[in-house]
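Trainee: The listed protein sequences derive, respectively, from chains A and B.
Here the first sequence is numbered in our numbering, starting from 2 and rising by one per residue.
Here the second sequence is numbered in our numbering, starting from 6 and rising by one per residue.
None of these hints come from the bench; they were simulated from the model.
Take the hints with a grain of salt, since some may be wrong.
[Said to hold, decoys possible] Here chain A is said to cover these stretches of chain B; the calculated rule only asks that three of the stretch's residues, wherever they fall, bring their Cβ under 8 Å from a Cβ of chain A:
id	region
1	9–21
2	135–144
[To be verified] Which stretches of chain A does chain B cover? Using the computed rule of at least three CB atoms under 8 Å from a CB of chain B, they are:
id	region
3	17–23
4	46–52
5	139–146
Source: prediction; values computed, not measured.
Virtual Cβ for every residue (Gly too), placed ideally from N, Cα, C.
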Amino acid sequence: MTPAAPGTRVPDFSLTTERGEEFTQEDLDGQTTVLVFYPAAFSPGCSDQFHVYQEVLGELDARGAKLYGVSVDSSWAVKAFRRHLGVDIPQLSDFEPKGETCRAFGVYHAEPGTAQRALIVIGPDRVVRWSYQAEHPGMLPGANLIFDGLGAVPA
Amino acid sequence: MRDLSSAPVPELGPDDRVRGPSGAPLILLYGDFECHFCALVHSRLVGRDVRVAFRHFPVESQHSRAWPAAGAAEAAARQGRFWEMHDSLFADRGRLEDPHLWARAQALGLDLDRFDVDRRSDAVKERVRRDFTGGLRAGVATTPTLFADGHRYGMPDEEVLARVAKS
Chain A
2 MTPAAPGTRV PDFSLTTERG EEFTQEDLDG QTTVLVFYPA AFSPGCSDQF
52 HVYQEVLGEL DARGAKLYGV SVDSSWAVKA FRRHLGVDIP QLSDFEPKGE
102 TCRAFGVYHA EPGTAQRALI VIGPDRVVRW SYQAEHPGML PGANLIFDGL
152 GAVPA
Chain B
6 MRDLSSAPVP ELGPDDRVRG PSGAPLILLY GDFECHFCAL VHSRLVGRDV
56 RVAFRHFPVE SQHSRAWPAA GAAEAAARQG RFWEMHDSLF ADRGRLEDPH
106 LWARAQALGL DLDRFDVDRR SDAVKERVRR DFTGGLRAGV ATTPTLFADG
156 HRYGMPDEEV LARVAKS
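Modelling step: build the complete structure from the supplied sequences, incorporating the hints.
Mentor: As structure tokens, this is what we get:
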């Protein structure tokens with residue numbers, strides 16, 4: 002499985018917000034979106050990753066980019082995770098059917114049954130502009146990669 | 006606006022905080038004073054034949070006192086005592102509130118008024134921020150992160166330390 006390729010249109014998908022509402026491809030319209038797929042809420046690596054991203058939210062906002070975390074944990078769990086971290090990055094849940102959106106984006110890690118550690122940058126036209134998957138889930142993609150990816154979004 | 010796209014880790018510069026014998030292998034260490042693994046690496050590097058450049062990587066949302074601690078170290082640097090403050094902070098990470106920082110400065114014999122002005126100054130914040138930005142662009146996503154011998158390492162085990170500290 003490889004992450005959704007640049008130039009492809011995003012698949013139809015359904016995730017759940019922390020408030021229990023549906024989040025679909027229609028919610029991407031008109032904004033540059035960065036989906037941060039990660040293996041597990043409350044794992045040490047994922048915690049460090051979001052803390053560092055929190056430090057660059059101002060720059061992401063200035064670039065007109067909106068960042069979301071995505072994991073297969075339930076919406077209650079990802080909400081608790083975000084609050085535990087003390088970060089402002091909204092979290093989306095791919096809990097039921099488990100991992101269906103991760104599969105649609107090509108970032109499902111079958112054996113542990115989690116998302117891969119991956120970043121996908123999507124333009125306001127719902128076209129994938131850049132994607133990245135860590136060599137293994139223990140490798141944390143730095144915030145620099147997000148900004149490299151945003152460079153691929155047409156102005 | 007800061008450019009945060011990928012860039013190589015900044016080379017050793019004249020304003021880097023460096024300690025160790027000039028001929029020894031160099032480690033660029035990104036860390037913060039509230040990070041317990043950073044303190045552990047610091048303790049494991051003591052006494053080795055290695056040159057360490059400490060670069061600030063304070064992640065505020067993770068460690069609320071990391072920025073003030075970094076500022077204290079840089080303010081001490083302005084009185085020629087960076088490494089003394091560095092060692093003091095890592096030796097006792099439980100005491101990082103302002104009165105603790107003042108007490109550390111006093112124990113080191115620093116001019117306290119000057120220390121307090123300096124640590125809150127824009128120049129010191131900018132100095133810390135420059136390290137942080139360089140680390141972000143080089144892909145630092147957790148502390149400690151070490152750059153040595155052309156490689157990047159997370160928390161190093163004994164084998165890695167023996168390798169990077171070997172001349």
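Trainee: Please list, smallest to largest, the hint numbers that this structure does not respect.
Mentor: 3
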